[in-house]
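There are 2 protein chains.
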Amino acid sequence: MSGMSVFRTPIASEWIDYNQHLRDAYYSLIFSLATDALMDRIGLDEAYRTRTRCTLYTLEMHIHFLHEVKDTDVVEVSVRILGTDRKRIHAAFDMYCGRYPDPVSTAEMMLLHVYQGTEPKAQAFPPEVAEALGKMEPAGATEIPGSRRMELRSRS
Amino acid sequence: MSGMSVFRTPIASEWIDYNQHLRDAYYSLIFSLATDALMDRIGLDEAYRTRTRCTLYTLEMHIHFLHEVKDTDVVEVSVRILGTDRKRIHAAFDMYCGRYPDPVSTAEMMLLHVYQGTEPKAQAFPPEVAEALGKMEPAGATEIPGSRRMELRSRS
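Here the protein sequences come in this chain order: A and F. First residue of the first sequence: 1200, per the working numbering; consecutive thereafter. First residue of the second sequence: 1200, per the working numbering; consecutive thereafter.
Because the hints were derived from the structure by calculation, they are not lab data. It is possible that part of the hints are untrue.
Which copy? The list can't say, so a pair holds if one copy fits it or any two copies do.
DSS-like, lysine-lysine: derived pairs with alpha carbons at most 25 Å apart [unchecked claim]:
{"#": "1", "residue 1": "Lys1334", "residue 2": "Lys1269"}
{"#": "2", "residue 1": "Lys1286", "residue 2": "Lys1269"}
{"#": "3", "residue 1": "Lys1269", "residue 2": "Lys1320"}
{"#": "4", "residue 1": "Lys1334", "residue 2": "Lys1286"}
{"#": "5", "residue 1": "Lys1286", "residue 2": "Lys1320"}
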């Protein structure tokens, strides 16, 4: 497993569709819950969100479905930070289950830090969150398995 | 609205997250249910699936989140067939709600026709499905709003 493991879940029976495997959208839900777990790790947890009215919005999500997941599986999700700017996180998630050595699914996410006022407004990360993100970012170039690169163009 | 409207749903309260808007993964679920509706339109309905043991698997899904959706919204999804080969469909979905003239979200999907034997195996569409798909495919080039193109490289 590459990256930091952040989330683990058994497969709920209501996530299985008429094809007798995990419905595509519930891979997304697992990646979404893994994003929540990442937020807890970098200081964007519930207490932060309540105190600051800031949170993350997902701008873009690109998923590859590589293996079927069954209702008897337990899946684990790891995350790598591919890039950040003042307000955004570009992250890659890999989902594993015990039956395969390679990921059953990969996701790329572009996440935006937002202040939820009357209108939601992009806002820079506070220094402690930027620092936590900096520690997670790899020094060199990273390879994204199974996915084409979504670019984080600088506009900060 | 561009494309053919295939699916409409109110927003279920359990799809709303701690940000008080539709969780990213439930945009995926709505696009997934719209794919089921598309399958009904092109002859890949439940009767077909039971008779032939063939179905569609999602290979790839790329979503852009353009506007927040709230629990009071009703959303409608339209679909355009961007390309097909003997076994695959490349489709673009646009999600609308009454509060915005432009889509609240767009999704691209790459779908594979699969025979569910002991092991799932890609299989060519039957002629009547290929014909139904052909009728939906636009004659000229199509523009994909808000999304970079995922390419359907010919390997059929």
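When no copy is specified for Lys1334 and Lys1286, does a C-alpha distance of 25 Å or less occur within a copy, between copies, both, or neither?
within (16 Å within a copy, 44 Å between copies)
At most 25 Å between CA atoms: does that hold for Lys1286 and Lys1269 within a copy, between copies, both, or neither?
between (37 Å within a copy, 24 Å between copies)
Check Lys1334 against Lys1269 for me: Cα-Cα at most 25 Å, and say if that holds within a copy, between copies, both or neither.
neither (35 Å within a copy, 35 Å between copies)
Identical-chain pair category, Lys1269 with Lys1320, by Cα at 25 Å
Answer is between; shortest inter-copy Cα gap is 17 Å, intra-copy 40 Å.
Is it within, between, both, or neither for Lys1286 and Lys1320, if the alpha carbons may be no more than 25 Å apart?
within (11 Å within a copy, 43 Å between copies)
Checked against the numbered hints above, the structure breaks only hint 1 and satisfies the rest.
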